[in-house]
Amino acid sequence: MRVALMALCGFFFFTWMDLSIKHLLATYPLPQVIFFNCLFALLALSVWVIPRWTLLKTKRPGLHLTRAIMLLLVDALAFYSYGAAPLTEAYSLILTMPVFVAVFAMAINLERFDTGRFMLALIGFVGALIVLSPSFGVVNMALLPALASAMIEAAAFIMVAKYKDQEHPLAFAVYGLSLIVVVAGCWPGWSLFSFDLSALAISAVGGVCYTLATLLVLSAFQSGSPSTVSAMQYSQLVWGMLLAYAFWEETPASLALIGALLIATSGLLLMRREMSVRRARKRAPIAA
Numbered sequence: 001m002r003v004a005l006m007a008l009c010g011f012f013f014f015t016w017m018d019l020s021i022k023h024l025l026a027t028y029p030l031p032q033v034i035f036f037n038c039l040f041a042l043l044a045l046s047v048w049v050i051p052r053w054t055l056l057k058t059k060r061p062g063l064h065l066t067r068a069i070m071l072l073l074v075d076a077l078a079f080y081s082y083g084a085a086p087l088t089e090a091y092s093l094i095l096t097m098p099v100f101v102a103v104f105a106m107a108i109n110l111e112r113f114d115t116g117r118f119m120l121a122l123i124g125f126v127g128a129l130i131v132l133s134p135s136f137g138v139v140n141m142a143l144l145p146a147l148a149s150a151m152i153e154a155a156a157f158i159m160v161a162k163y164k165d166q167e168h169p170l171a172f173a174v175y176g177l178s179l180i181v182v183v184a185g186c187w188p189g190w191s192l193f194s195f196d197l198s199a200l201a202i203s204a205v206g207g208v209c210y211t212l213a214t215l216l217v218l219s220a221f222q223s224g225s226p227s228t229v230s231a232m233q234y235s236q237l238v239w240g241m242l243l244a245y246a247f248w249e250e251t252p253a254s255l256a257l258i259g260a261l262l263i264a265t266s267g268l269l270l271m272r273r274e275m276s277v278r279r280a281r282k283r284a285p286i287a288a
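According to full-length UniProt numbering, the sequence shown is numbered sequentially starting from 1.
The set of hints was computed from the structure by calculation and includes no laboratory data.
Among the hints, erroneous ones may be present.
In silico DSS-like links for lysine-lysine, alpha-carbon gap of 30 Å or less [as the list claims (entries may be wrong)]:
(1) LYS164 with LYS59
(2) LYS162 with LYS59
(3) LYS162 with LYS57
(4) LYS57 with LYS164
Simulated restraints, written as ranges between beta carbons of each label pair [to be verified]:
(5) THR251 with LEU197: 29 to 39 Å
(6) ASP196 with LEU5: 34 to 44 Å
(7) PHE118 with ALA280: 13 to 23 Å
(8) ALA201 with TRP48: 19 to 29 Å
(9) SER191 with ALA142: 19 to 29 Å
(10) GLN166 with VAL205: 27 to 37 Å
(11) VAL205 with PRO51: 19 to 29 Å
(12) LEU200 with PHE118: 46 to 56 Å
For each residue, glycine too, the CB sits at the ideal point set by N, CA and C.
All chains should be built: construct the whole structure from the sequences, respecting the hints.
Here's what the structure looks like:
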């Protein structure tokens, strides 16, 4: 129960960060919003990381650079969708990430192909198509970046998975945020001083929420079952729907909710299936 509550609180804070992004995008350009959000997130995270600076040591700078570039794309695409589409619908497509992980893993032979896994992935894709086009024929183009974000995040997850015991997750976060701050800070078309005090305050709150969310979710992963923590990510659909309605009276289309339910069901069942496979492997006798 403690692990589930930690994860639930972590994803709640992630949702608040996304709300701050969506609010600011109504007034400010995307690179400026990304810069200040990631700057404050990096500063807040540094308070915790600096006393533990050895976590940042690595022998794989190329891996961290590649992962940081992918994180930049993931954030830029996701944040764009937050500002241009209903938050719950954007969340629904971003949460197809576990479905893409399963498909990519089978495609490059990291996981054995089996019909059950393929059918669950197919259910997730049907849900994604419904969310993208709840009117059947009219695709919401503002949601395509959210789907692309999920695909890139899935590829990044697979890329770094084999190094999870050698590279600390916070190192990936720190290096990723650092690159985003540099790139967004150098991006033309916005002024460093055009953010007013209220926008700075909102961005700072969003950055602190990112840090709290990251630490809570990582602590939950270290203390309990990864499947339990991953399942809690789908709570963002609920948080996003409630908070988006509270702030903007924003409601997703009815069919989009059905699509979101299919995506969540597919992702949760895929996680449960993978955990069952891992348990079976651990119980299997080792050949002499």
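Status of the hints after comparison with the structure:
1. LYS164 with LYS59: holds, 14 Å
2. LYS162 with LYS59: Given pair LYS162, LYS59 holds - Cα atoms ~14 Å apart, limit 30 Å.
3. LYS162 with LYS57: holds, 17 Å
4. LYS57 with LYS164: With a Cα-Cα distance of about 14 Å, the restraint between LYS57 and LYS164 holds, given a limit of 30 Å.
5. THR251 with LEU197: 29 to 39 Å: holds, 32 Å
6. ASP196 with LEU5: 34 to 44 Å: holds, 36 Å
7. PHE118 with ALA280: 13 to 23 Å: The hint (13 to 23 Å, Cβ to Cβ) holds, given that PHE118 and ALA280 are roughly 19 Å apart.
8. ALA201 with TRP48: 19 to 29 Å: Distance hint for ALA201, TRP48 holds at roughly 21 Å.
9. SER191 with ALA142: 19 to 29 Å: Hint holds: Cβ distance 26 Å, inside 19 to 29 Å.
10. GLN166 with VAL205: 27 to 37 Å: holds, 34 Å
11. VAL205 with PRO51: 19 to 29 Å: holds, 24 Å
12. LEU200 with PHE118: 46 to 56 Å: holds, 48 Å
Every hint, counting from the list given before, is met by this structure.
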